[in-house]
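Sequences are here, hints too, so could you generate the full structure?
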Amino acid sequence: IDTTVARDEGGRDLEIEIEQPLRGSDFGARRGYAQAIRTLKEPEQKARLLDLSHEATRAYTDLWLAQKKIELLDRLVKDAKRQSKAVTDAASQGLTDKAESAIFTTEAEELSLQRSALETEHKTLLIAFVRLSGLPSVDYTLAEPAQKTLPENAGALLALAESETSVKAILNGRLNVASRRMAVAKADAALPEFAPRAVLNRDFSDDSTTVSLGVRFALPVWSQNQAEILRARADYESTNRALKALSENDFPSVLAATWEAAQENRRIAEKYESSIVPSWRNVQKLTEKKLGLGQASVFDLWQTRTRVLDSETQALE
150 IDTTVARDEG
160 GRDLEIEIEQ
170 PLRGSDFGAR
180 RGYAQAIRTL
190 KEPEQKARLL
200 DLSHEATRAY
210 TDLWLAQKKI
220 ELLDRLVKDA
230 KRQSKAVTDA
240 ASQGLTDKAE
250 SAIFTTEAEE
260 LSLQRSALET
270 EHKTLLIAFV
280 RLSGLPSVDY
290 TLAEPAQKTL
300 PENAGALLAL
310 AESETSVKAI
320 LNGRLNVASR
330 RMAVAKADAA
340 LPEFAPRAVL
350 NRDFSDDSTT
360 VSLGVRFALP
370 VWSQNQAEIL
380 RARADYESTN
390 RALKALSEND
400 FPSVLAATWE
410 AAQENRRIAE
420 KYESSIVPSW
430 RNVQKLTEKK
440 LGLGQASVFD
450 LWQTRTRVLD
460 SETQALE
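150 is the number of the first residue of the sequence shown in our numbering; add one for each residue after it.
To be clear, the hints were calculated from the coordinates, so they are not data collected in a lab. A hint or two may mislead.
Said to hold, decoys possible - Below, in silico cross-link-like pairs of lysine-lysine (DSS-like), each with a Cα-Cα straight-line distance of 27 Å or less:
1) 190 - 393
2) 393 - 195
3) 217 - 227
4) 439 - 234
All values derive from a computational prediction rather than experimental measurement.
Here it is as structure tokens:
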């Protein structure tokens, strides 16, 4: 809207110009592109939240695991010192060699060094946990993470993997967005940008009004929107390759193998907890008694302690 006042003559002129730029994609293609973006937005947002939740859970679990290993080493150091005294007592009774007591003294020192290394790892893990959780940076004592229930079978896992937040669904959504974007680029190349316009002019000095109608065209002499077409095609081909790679890797078989491995790991963990760890602890107690009676060597007890440490560490992992 433009107005001009001529002061010397007292005249006044008012002009109103209306223009609407249009492109080929404005006739359907751009609307489809926008709808594809809106459709993809929600599952991508859910997937990002799931990813963040997974990272936070892993950070919590890793921090808890480091704490449990430190507790395990503390107990084993205490046991080593106690057993060193038992060996010394046995040596004083002539049941074993005094030099053998050095085994447990050395082991206690080695376990203390391992504990120091774990403390450093614990601090690093705490930083990662605090960053993800937004909690104050203090030395937390964490409860054991809740055990997740595995799907009943591989088919149930595959059904989860076919949900709207799955990699496959999101890639299909991105492929649709890329296809729509390419359609927009091609539509804009096929029809040059144009702008219908209307101009209303009112001259108050002579009480006259004129109306002009026209169209402005932008002629793409050089590029014909080729840059945007190439970018859209590259995006489409990249997403399509990712989808093909997913299909070629036999996604259902990979998931089925993962489910079977998870089931086996769960079975092994339960076996360690219910049988293997308690059995090795019991062997350690029996070996200690036999050592006190002169029926076992210090080396036997040390080997048993090593197996206890290995089995308890494996059970935690």
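Cross-check of the supplied hints:
With a C-alpha separation of about 22 Å, the suggested pairing of residue 190 with residue 393 holds against the 27 Å cut-off. Simply put, residue 393 and residue 195 have alpha-carbon atoms about 24 Å apart, close enough for the 27 Å limit, and the pair holds. Taking the CA atoms of residue 217 and residue 227, the gap is about 15 Å. The hint holds against a cut of 27 Å. The straight-line distance between the Cα atoms of residue 439 and residue 234 is roughly 15 Å, inside the 27 Å bound, and the hint therefore holds.
When the structure is compared with the earlier hints, no violation turns up for any of them.
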